[in-house]
Amino acid sequence: MSEVSRRHFLQLGACVVGGACAADALPSLAHAAEGGDITTLRTTLPYPRVKLASIGQLTVGREQLTTYPDQASPVVLAKLGRPAINGVGPDRDIVAFSRRCSHMGGTLSFRPDTATFHCPLHYAFFDAQKGGLLVIGQATDNLPQLELEVDAAGDIFAVGIRGLLYGRQTNVLA
Amino acid sequence: MSSIYHGEDRIPVPPADAERFTTVCSYCIVGCGYKVYKWPLGKEGGPLPHQNALRADYRTQQPEQAGTWISPAMHSVVTERNGRRFNIVVLPDKDCVVNKGNHSIRGGTHGDVLYAPDRPTADRLTHPLLYRGHSRLPTTWDEAIELGARVIKATLDRSGPDAVAMKCFDHGGGGGGFENNWAVGSFFFTGIGTKMASIHNRPAYNSEVFASGDAGIAPLPSAYLDAELADTIVLIGANSHETQSIYFLEHMLPNLGGGTLALKQQLLPGEPHARGKMIIVDPRRTSTVAVAEAHAGKDNVLHLQINNGTDIALLNALSRLIHEQGWHDQDFISRRTNNFSVFQQANLAQSLDEAVRLTGISKVRMMQAAEWIAKPKTSAARRRTLFLYEKGLIWGLKNYENVAAVNDLALLTGSLGKPGTGCGRLGGHQEGYSRPPYPGQRPPINVDEVAVKGGASKVFWVAGCNPVGGTLNAQAFRASLAQRTALVNQALDATSSGTLDDKVAAVMSALDKGGLFLIVQDIYPTETAQYAHLVLPAAQWGEMNLTSINGERRLRLYQKFMDAPGIAEPDWKIMARMAQRLESAYRAEGKAEMAARFSGFTWTSDEDVFRAAAAGVKGAQEDYGDTTYAMLKALGTNGVQTPVQEIQNGMPVGTTRLYMDEKRFTFIPSAWPGFPSQIQALMNDSRYPFWVNNGRANHGWQTLYDDARKPYVMGRAPFPHVEIHPQDARSLEIANGDLIELFNPYGSVSAMAVVTDSNAPGHVFMLFEHPKGWLNSLTTDYVDPTTTIPYYKGTKAGIRKIGPMPGLNEDLTFVPTHQA
Numbered sequence: 019m020s021e022v023s024r025r026h027f028l029q030l031g032a033c034v035v036g037g038a039c040a041a042d043a044l045p046s047l048a049h050a051a052e053g054g055d056i057t058t059l060r061t062t063l064p065y066p067r068v069k070l071a072s073i074g075q076l077t078v079g080r081e082q083l084t085t086y087p088d089q090a091s092p093v094v095l096a097k098l099g100r101p102a103i104n105g106v107g108p109d110r111d112i113v114a115f116s117r118r119c120s121h122m123g124g125t126l127s128f129r130p131d132t133a134t135f136h137c138p139l140h141y142a143f144f145d146a147q148k149g150g151l152l153v154i155g156q157a158t159d160n161l162p163q164l165e166l167e168v169d170a171a172g173d174i175f176a177v178g179i180r181g182l183l184y185g186r187q188t189n190v191l192a
Numbered sequence: 008m009s010s011i012y013h014g015e016d017r018i019p020v021p022p023a024d025a026e027r028f029t030t031v032c033s034y035c036i037v038g039c040g041y042k043v044y045k046w047p048l049g050k051e052g053g054p055l056p057h058q059n060a061l062r063a064d065y066r067t068q069q070p071e072q073a074g075t076w077i078s079p080a081m082h083s084v085v086t087e088r089n090g091r092r093f094n095i096v097v098l099p100d101k102d103c104v105v106n107k108g109n110h111s112i113r114g115g116t117h118g119d120v121l122y123a124p125d126r127p128t129a130d131r132l133t134h135p136l137l138y139r140g141h142s143r144l145p146t147t148w149d150e151a152i153e154l155g156a157r158v159i160k161a162t163l164d165r166s167g168p169d170a171v172a173m174k175c176f177d178h179g180g181g182g183g184g185f186e187n188n189w190a191v192g193s194f195f196f197t198g199i200g201t202k203m204a205s206i207h208n209r210p211a212y213n214s215e216v217f218a219s220g221d222a223g224i225a226p227l228p229s230a231y232l233d234a235e236l237a238d239t240i241v242l243i244g245a246n247s248h249e250t251q252s253i254y255f256l257e258h259m260l261p262n263l264g265g266g267t268l269a270l271k272q273q274l275l276p277g278e279p280h281a282r283g284k285m286i287i288v289d290p291r292r293t294s295t296v297a298v299a300e301a302h303a304g305k306d307n308v309l310h311l312q313i314n315n316g317t318d319i320a321l322l323n324a325l326s327r328l329i330h331e332q333g334w335h336d337q338d339f340i341s342r343r344t345n346n347f348s349v350f351q352q353a354n355l356a357q358s359l360d361e362a363v364r365l366t367g368i369s370k371v372r373m374m375q376a377a378e379w380i381a382k383p384k385t386s387a388a389r390r391r392t393l394f395l396y397e398k399g400l401i402w403g404l405k406n407y408e409n410v411a412a413v414n415d416l417a418l419l420t421g422s423l424g425k426p427g428t429g430c431g432r433l434g435g436h437q438e439g440y441s442r443p444p445y446p447g448q449r450p451p452i453n454v455d456e457v458a459v460k461g462g463a464s465k466v467f468w469v470a471g472c473n474p475v476g477g478t479l480n481a482q483a484f485r486a487s488l489a490q491r492t493a494l495v496n497q498a499l500d501a502t503s504s505g506t507l508d509d510k511v512a513a514v515m516s517a518l519d520k521g522g523l524f525l526i527v528q529d530i531y532p533t534e535t536a537q538y539a540h541l542v543l544p545a546a547q548w549g550e551m552n553l554t555s556i557n558g559e560r561r562l563r564l565y566q567k568f569m570d571a572p573g574i575a576e577p578d579w580k581i582m583a584r585m586a587q588r589l590e591s592a593y594r595a596e597g598k599a600e601m602a603a604r605f606s607g608f609t610w611t612s613d614e615d616v617f618r619a620a621a622a623g624v625k626g627a628q629e630d631y632g633d634t635t636y637a638m639l640k641a642l643g644t645n646g647v648q649t650p651v652q653e654i655q656n657g658m659p660v661g662t663t664r665l666y667m668d669e670k671r672f673t674f675i676p677s678a679w680p681g682f683p684s685q686i687q688a689l690m691n692d693s694r695y696p697f698w699v700n701n702g703r704a705n706h707g708w709q710t711l712y713d714d715a716r717k718p719y720v721m722g723r724a725p726f727p728h729v730e731i732h733p734q735d736a737r738s739l740e741i742a743n744g745d746l747i748e749l750f751n752p753y754g755s756v757s758a759m760a761v762v763t764d765s766n767a768p769g770h771v772f773m774l775f776e777h778p779k780g781w782l783n784s785l786t787t788d789y790v791d792p793t794t795t796i797p798y799y800k801g802t803k804a805g806i807r808k809i810g811p812m813p814g815l816n817e818d819l820t821f822v823p824t825h826q827a
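Protein chains in written order, with our numbering: chain W, 19 to 192; chain X, 8 to 827.
Hint data in this document are derived by calculation from the structure and do not stem from the laboratory. Check the hints yourself; a few may be wrong.
Listed next, with one range per pair, are the computed distances between beta-carbon atoms [unchecked claim]:
| # | chain 1 | residue 1 | chain 2 | residue 2 | range |
| --- | --- | --- | --- | --- | --- |
| 1 | X | Asn645 | W | Asp169 | 53 to 63 Å |
| 2 | X | Gln734 | W | Arg80 | 30 to 40 Å |
| 3 | X | Ala688 | W | Arg80 | 49 to 59 Å |
| 4 | W | Arg80 | X | Gln687 | 52 to 62 Å |
| 5 | X | Ala688 | W | Gln82 | 54 to 64 Å |
| 6 | X | Asp615 | W | Asp88 | 53 to 63 Å |
| 7 | W | Gln82 | X | Arg364 | 50 to 60 Å |
| 8 | W | Thr77 | X | Gln332 | 55 to 65 Å |
All C-beta atoms in this analysis are idealised placements derived from N, C-alpha and C, irrespective of residue type, glycine included.
Based on the sequences and whatever the hints tell you, model everything.
Dropping the structure here:
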């Protein structure tokens, strides 16, 4: 899986292909992305470093439910069995996400066959393999994804969150 | 690393003393209510309830659907004209009966599209632009109006009103509204008097539902409440989950899930009630079908997967089956309709075998649909059926008969003027139409063909639309626009003195030689503006006060909450300015009659125009009578449903549902007409084996004019997509994410392949409008001769694989959307 940064992506997207596109007709999305580097998580929030599981405890397609960064924030850890954006572990397929829908906070369920998270409220669903990208639905951002680290012993730690958790003004509560 | 997301993990909340405004979504017909909070940069509300404007306790997790969560896409920092910077939050309104705090991905991203010089909206048009030498450069309003007025006046004087053509918005919501529409109409119809007028998404000045008007049925007769009360909802050519999302999620789905049973029993006692059923007529298995099935169970949803263009045969077959079973509403037909015998001869003569062959839908499924529509619940209780149609029908094979056939079916079954029934459009954009009458006749002139390609007009004013991609047969349209506007460019390039007199003389000589002077009025530098000589910057939603109605005729005030960028002005002010310049020019020449045509543009406020526009809606479904801004401000996001019947105790009294009286309607004969010659030719040519259907997608609005500035939207959809069946993909060796080319004699376009069995083999679906690929390069030049409405939804093409797009498609998702 190539790791295309958003900045690179949007510059490419701006006018590489498509005869109908007049260069000066297009907005400068690349410019926007340059404003703040969002290719890696940057935050001033005091995220805790929390052990979620060990690599050996995970089986493909079986989700593991826990919380992060506090007890009021349900998250799900899963080994997808296929490489994923931001995936960790030897197969780059271990990912973790908030279980609250980034539309209106419904509790999501995981479907291993498509590696998607589904909301029962308004049928939004998200692609776990693609950084929690909205497949379809009314959410205005990805499903917040946990930033994971694996240490030499194979323990998986959550160290941060990309994207604002539903129902919060700040991911780490005051 | 995911490339596509907002990235914030913290958001400022409005302080308790933040300024508050109410507004309505700038996008689709549903018109969800929003609250706007505005407060100075550098300040923010605290986490305790008394420290923030939402009175929420942000020290704790908010529960689901709380209505107090601000997503990053709902927030922005804007810069006003005096340089002061403000936070703005546009939050769905929990107290609005339309959305109850819910929002679509489109409405939920308004923060992203507010003008901000350090965000992707930085390319908003801030100043008038004038073609000088090689490109369009900023100029003053005085110079822009002076040049425009002189060219228009000279053209009008030499060649008459039809030498000035226009293609303008006519909608409600963002940028439109009663105010701007009235000014545009007053300028072109009262002032210029041109017949060469066309509406933003079509080549002529027409209603999309002439047949409905002829039947006596207004386009939006029902209320959203009716979708909660109906026994059966019939969606025809509409993918409501993606295009009227909140109407579908908040009003239709609850009925399908049984959530409105108590309401039905309360409001409609004395008859049996069950959860609602849904029939969906669409050539594609859409996400609407999938979500309806997931929510209601497959037994309560009937998807009629119709062959492209064959709606009339299906609707008439349903009418015939219902009539044969004796399920029609004889009492309603006798009391409230005319022309039944003509309908009988035309529509009920539809052969069932022919309908099965044309539509691809079995007789058994047709019979099931007929039962769900019309088989009485008891001997005393008819089914309550709500017919809702949109572009799949309106832009189908033959606009007039398509719309007539569904209205006829509704009249046959008595489905008007009763709770839980209706027959109307779902709608695309909101409505805010009020104009003096169009001076032309029916069928209206095809402006693309006659004025632009045919050369009958010399000045073309395009406002709030992007026809180089959005009009039918767009490749030919672009070719003509490029050729004719270039003649003016060359003439301007050859002038050297720099005086306005010389420029006007150069333009006029080019117009004599077949040139076209193009004025584009918009909020962004659209693709059409790339051909323009004069570009006029307009204000958008939130930058002026405006009023519009939604799909249940709900009229509200959309408050101004920020400045327009640079020196951009509301459309009504631009039209007024041009009119006043023409008036003074004619007065100076002593031409009092011409001067009078351009007089009356003396409004000084948005509300002045709103009040003037009341004259243009008298007696229509939009009639708002003596309603004022103050009344609407007091009514907030719930507003009042037009027509307004009277003002009582200082407040307007509205109308929930039309036709609760004894109004009579007319059956319009609409027999299956067959395919037009342009389509026949493609059908008979083996080089173009694929039927190309098209439509919108959930994440984008219209031409994507705003979405192109939303990184999250463009990131996930960098190209238009084409859904292609796995069988066809295999034979062409096409995989998900491949770039492919679609082509036919009318043009070609590239797009990104999505392999899915949502369509039948041999049928593909492409996104209608996207700046990286305009589907309309493939549509034919055919229009319904009765209405001059194109058959946008159907063309045929060949498909060629170009190749994979590494670096572009790895981060996109290809999980099918027709399963929920």
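Exercise. What hints, given by number in increasing order, does this structure fail?
Worked result: none
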